[in-house]
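Undergrad: Please take these sequences and the hints and turn them into a complete structure.
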Amino acid sequence: MDWSTMTPPSPHTAPAGPAEEELLVRAKSGDEAACRAIVVAHQRAVFAQLRGMLTPVGHAAIVEDLAQETFLRAFRALHRFEGSAGRLRAWLVTIATRVALNALRRHRPRVDDFDTVADRVPSAVGDPGRDGRVVGRGIASAIGDLPDTFRAAFLLRELHGLDYAEIATTLDIDLGTVKSRLSRARSKLRAALSDPNEVNHEG
Amino acid sequence: MRDEIMDAPLRDDERAQLLAFVDDAVPAGFADRVVTAWKDEAGVRSAPAVVPLLRRRSFRVIVAACVSLAAALLIAWFSRTAMVERSEARERVARLAAPEVEPPVALTQMRAEAHTLLAVHCSPCHDSTAFDAEGQALDVFDVQDSRWWLTMSDRQLRVVIDRMASRDGMSPDDIEGITSYIEAELDYRGGGPT
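Residue numbers (this note's numbering), protein chains in the order written: chain G, 1 to 203; chain E, 1 to 194.
Worth double-checking, as some hints may not be accurate.
[What the hints assert, rightly or not] Restricting the straight-line Cα-Cα distance to at most 20 Å, the calculated cross-link-like pairs of lysine to any residue (SDA-like) are:
| no. | chain 1 | residue 1 | chain 2 | residue 2 |
| --- | --- | --- | --- | --- |
| 1 | E | Lys39 | G | Asp65 |
| 2 | E | Lys39 | G | Gly30 |
| 3 | E | Lys39 | G | Leu72 |
| 4 | G | Lys28 | E | Asp32 |
| 5 | G | Lys28 | G | Glu64 |
| 6 | E | Lys39 | G | Glu69 |
| 7 | E | Lys39 | G | Asp31 |
| 8 | G | Lys179 | G | Thr149 |
| 9 | G | Lys28 | E | Thr36 |
| 10 | E | Lys39 | G | Arg36 |
| 11 | G | Lys179 | E | Arg11 |
| 12 | G | Lys28 | G | Glu82 |
| 13 | G | Lys179 | E | Ala8 |
| 14 | E | Lys39 | G | Ala41 |
| 15 | E | Lys39 | G | Pro147 |
| 16 | E | Lys39 | G | Val40 |
| 17 | E | Lys39 | G | Arg26 |
| 18 | E | Lys39 | G | Ala37 |
| 19 | E | Lys39 | G | Leu66 |
| 20 | E | Lys39 | G | Thr149 |
| 21 | E | Lys39 | G | His79 |
| 22 | E | Lys39 | G | Ala77 |
| 23 | G | Lys28 | E | Glu41 |
| 24 | G | Lys179 | E | Pro9 |
| 25 | E | Lys39 | G | Ala33 |
| 26 | E | Lys39 | G | Glu64 |
| 27 | E | Lys39 | G | Ser29 |
| 28 | G | Lys28 | E | Ala42 |
| 29 | G | Lys28 | E | Asp40 |
| 30 | G | Lys28 | G | Phe81 |
| 31 | E | Lys39 | G | Glu32 |
| 32 | G | Lys28 | E | Lys39 |
| 33 | E | Lys39 | G | Arg76 |
| 34 | G | Lys179 | E | Glu14 |
| 35 | E | Lys39 | G | Arg80 |
| 36 | E | Lys39 | G | Ala34 |
| 37 | G | Lys28 | E | Val35 |
| 38 | E | Lys39 | G | Leu78 |
Because the hints were derived from the structure by calculation, they are not lab data.
TA: Structure, rendered in structure tokens:
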């Protein structure tokens, strides 16, 4: 499954063929090639979750380190992973989220390098005429203003398709709160996309 | 109606822009670095048990806690020892400064017998006339001092019993004699003038 598909991926129903299942079995037994294949298959999703968590609050520099930590934690615990290969991506982005939340608890937001980070955002997809940097700042501002836990919830839902109950359990927050905060996050994101400068000024 | 719009999942074009923000090229060689790190760690895990144990954070925390506790106990012990020593020094000064009171005859005799034994078995360390006398030992008592027992604290007097009992050449009678003297001296200190 292409991770960056336009429809939200659904980890519950994500098809995983016999090859993926076999890969998982081999990785559990310590096969290096299988471990490498798992990294290659899921690294973009893990990086995206970590960038979404860390870039808006000025910690883009630690994304790669935390991505590596995510996979190492996963490999350490792989023998306990009982889900199918189709659930592996959801499991990995959940680990990535927890790794990022732990890092954010240790590091205070660095607002000083926010501009540099936002400036690296590529041009907006779908509207070639729009200034990508401004849109990037708008998105960063919209999701960067959210508390860490709710930014995590928003990304898990909108990027990786986890359901509300699973997000609530993963992040140990109330289900109703997840829904309300996701609504707020969507609202801010929509405002950012429709008028990036306005949100930027608010944020 | 507005809430429904806000609660609706992101549209494809909205999600695409969000993806454009978070999705970027993964650094070259990332997978290789992860696998190398995992191999290194797996190698460590198969090494002797003490190595991974030292690498565990919980183990390091426990070791740090034990070291801190030991340090705290050591400091407390030194503080207490210093306090006891200060207290003993004050007692000694008080005893030396107190006017001499005639002790019971029996005690005077026991002191003389004990002194004979101490002079034999505790020299040269406790003999200020010996070349190899030891300063700290002389602080406890000096067999050349006419009132040698006064410089010893109660605790130091009790230690004499053990020290003398372990000396070569001390007969059972000698040990019994020195023990009786120490007990009599302590009794006298407890009941008599200080």
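Undergrad: Which constraints among the numbered hints does this structure fail? Numbers only, ascending.
TA: Failing hints, ascending: 5, 15, 20.
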